[in-house]
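K.L.:
The listed protein sequences correspond, in order, to chains A and B.
When you read off a place in the first sequence, starting at 1, and then add 91, the result is the number in this note's numbering.
When you read off a place in the second sequence, starting at 1, and then add 3, the result is the number in this note's numbering.
Keep in mind the hints are simulated off the structure, nothing from the lab.
Predicted model only: the values in this text are computed from it and were never measured.
Treat the hints with care, as some may be off.
One-sided excerpt, in silico: chain B residues whose CB lies under 10 Å from chain A [as the list claims (entries may be wrong)]:
| id | residue |
| --- | --- |
| 1 | Asn56 |
| 2 | Arg84 |
| 3 | Pro94 |
| 4 | Pro111 |
If you want the ones that stay clear, here's a sample from chain A, every Cβ over 10 Å from chain B, calculated [said to hold, decoys possible]:
| id | residue |
| --- | --- |
| 5 | Phe117 |
| 6 | Leu142 |
| 7 | Ser144 |
| 8 | Ile267 |
| 9 | Lys277 |
| 10 | Tyr317 |
| 11 | Lys333 |
| 12 | Tyr339 |
Residues from chain B that keep clear of chain A, each with C-beta distances beyond 12 Å, as calculated [what the hints assert, rightly or not]:
| id | residue |
| --- | --- |
| 13 | Asn29 |
| 14 | Lys231 |
| 15 | Glu238 |
Every residue gets a Cβ at the ideal spot worked out from N, C-alpha and C, and that includes glycine.
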Amino acid sequence: MKDITIGQYYPADSILHRLDPRVKLFGTLMLLISLFVSNNFLNYILITIVLFSIIKMSKVPFKMLMRGLKGIIIIMMISVIFTMFLTPGSTLIKVGAVKITRYGLKKACYLAIRLVYLVISTSIMTLTTTPNDLADGLEKSFSLLSKVGVPVHEMAMMMSIALRFIPILMEETEKITMAQKARGAKFDDGNIIKKAKSMVPVLVPLFMSAIRRALDLADAMEARCYNGGKGRTKMKPLKYKKNDYIAYALIITYFMAILGLSYIIGSTDTLEIMMVRR
Amino acid sequence: MIEVKNLDYLYSPGTAFESKALDNINLTINDGEFIAIIGHTGSGKSTLIQHLNGLLKASSGAIYYNGKNIYDDDYDLTEHRCKVGLVFQYPEYQLFETDVLTDVGFGPRNQGLSKEEVEKVSLKALEDVGMDEKYFKKSPFMLSGGQKKRAAIAGILAMNPEVLILDEPTAGLDPKGRDKILKKVSELHKERGITVIWVSHSMDDVARFAERIIVMNEGRVAYDGEPKEVFKNFEELEKMGLSAPQVTYILNDLKNEGFEVDNTLIDVEEVADEIYKLLK
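The following block holds chain A by itself, in its conformation from the complex:
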């Protein structure tokens, strides 16, 4: 149970790990947008090169990335199959009443690549950034919103606290389960309703424990003069370093290249559609 790494941070010392979280957030966003703005083959080659160099730089083992993909395999299969069979165009293969068009096959491939790259991009983000750095990065990035009354700091604090307590509450759940098992409780007996009911002896003490901890934590924070985000400064504020600026420059250059390729070469899909319409 303790093997579930929340946020899936993979500890290593790579250039990517050392980058400011804001740069990584920006980079991930640009990568995702570029995936959906891309409309031709060259674009995808560029994205592939960039993505694989990033993976190399992150020193994260391939196995960890593949784990993230496991979750979306089913959705991906469904989307790809639907796209393959339901897109109009010139027929490539016909199996009975079902047909696959050349256009459909192409679209399906692009879709599959997009989904896979999407998952990989976001995985790299969470694998190279600790949950707390992520919260800090989000807080700093959205800090302007606090000027219009959005409680950015408080939301980031809530996120950090929640993350912090996940392992604690998981351990407590285990202990409570054991204590109730010692009183003859069974958790895998009977139908759905019975199973749900059998969770009550675990959930009630767990909730009480969580509430108790929350109240204690609130007292402790107040006792140390915590007052929300107003006028609050950080002990380790996020500061940009040389690598961060270089990264920003590279990201913007990359995005310009993607846009350029999309515009200049134009959509090979559009060509296809025009050919099909003929």
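Fit chain B to the known structure of chain A by using the hints.
P.N.:
What follows is chain B alone, placed relative to chain A:
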């Protein structure tokens, strides 16, 4: 009767974090004994007792309850846990019902008793732990620390166990509360004849009530015997992060100063008499 044979328990087996929590434990616990298990944090005492009632499964070795191996396929572990009752250190882990009486009845209900029987055994259990009737209909979350402990113990007693295991029953209680609980448990032991195993940190409590002490150290049984015998080794106990009862230190200091005292005494009353003899 519980027999533990060559018990090993590994944490995180097969990973980089593998460690032996219990190492070749061999014990025999007879019916009706009043045993205390002591040991520093991490010595394996909590792990050991969770094996005795079948919550944890040993990595190797066996546990025989009244001659039957509890790891046999046809052995009903849920039934076993009603016979070998374990009260966890924190009552907060188990109290959950809307009122104390219903909560105490959780165990008996799981045993399949009828509504009338459940109420009967619950009331008896609450009476046995000395809880005042006015608390029966109150929410268990409204009780004080000591009352919560009693409710938790009652919850296990209501299942009519043959063995009662208590994990640090006096932790977090004031001296009066500790006294009360221990006296009650001692009474129950005498009246009902159940085997009592209790895990403790407090040497003084242990010296007062236990007939036999098992000392755990780093996953192994270091000492197993009568309190007087065990506490004679107080220097080794100290190296293990434990201590002897306070009276042992006083008697030893006196002896080192040249006074004629029996430094193996551990009962406070006897020690007081011994010192009184010197003053005469």
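K.L.:
Evaluate the condition: distance from the CB of Lys333/A to the nearest CB of chain B exceeds 10 Å.
P.N.:
Non-interface label stands for Lys333/A: nearest chain B Cβ at 36 Å, farther than 10 Å.
K.L.:
Minimum C-beta separation from Tyr339/A to chain B exceeding 10 Å: can you confirm that?
P.N.:
holds (38 Å)
K.L.:
Regarding the hint that Pro111/B lies at the interface with chain A, is the smallest CB-CB distance below 10 Å?
P.N.:
holds (9 Å)
K.L.:
Using Cβ atoms and 10 Å as the threshold, tell me whether Leu142/A really stays out of contact range of chain B.
P.N.:
Given a closest Cβ separation of 31 Å, the condition holds.
K.L.:
In terms of Cβ atoms, is chain B entirely out of 10 Å range of Ser144/A?
P.N.:
Its Cβ never comes within 10 Å of chain B, the nearest being 31 Å, so this holds.
K.L.:
Would the non-interface assignment of Phe117/A survive a Cβ cutoff of 10 Å against chain B?
P.N.:
Its Cβ never comes within 10 Å of chain B, the nearest being 36 Å, so this holds.
K.L.:
Would you check whether Pro94/B satisfies its interface hint, that is, whether its CB is within less than 10 Å of any CB in chain A?
P.N.:
Because about 9 Å separates Pro94/B from the closest Cβ in chain A, which is inside the 10 Å limit, the hint holds.
K.L.:
Any Cβ of chain B at or closer than 10 Å to Lys277/A, or is the non-interface label fine?
P.N.:
Label violated. Min Cβ-Cβ 6 Å, cutoff 10 Å.
K.L.:
Per the stated criterion, does the least C-beta distance between Asn29/B and chain A lie above 12 Å, as a non-interface residue requires?
P.N.:
holds (24 Å)
K.L.:
Is the Cβ of Glu238/B more than 12 Å away from each Cβ in chain A?
P.N.:
holds (35 Å)
K.L.:
Please verify that hint: Arg84/B, Cβ, nearest Cβ of chain A, below 10 Å or not.
P.N.:
With Cβ-Cβ at 5 Å, under 10 Å, it holds.
K.L.:
If I take the minimum Cβ distance from Tyr317/A to any residue of chain B, is it greater than 10 Å?
P.N.:
At roughly 26 Å from the nearest Cβ of chain B, Tyr317/A sits farther out than 10 Å, so the non-interface label holds.
The structure is inconsistent with the numbered hints 8 and 9, although it conforms to all the rest.
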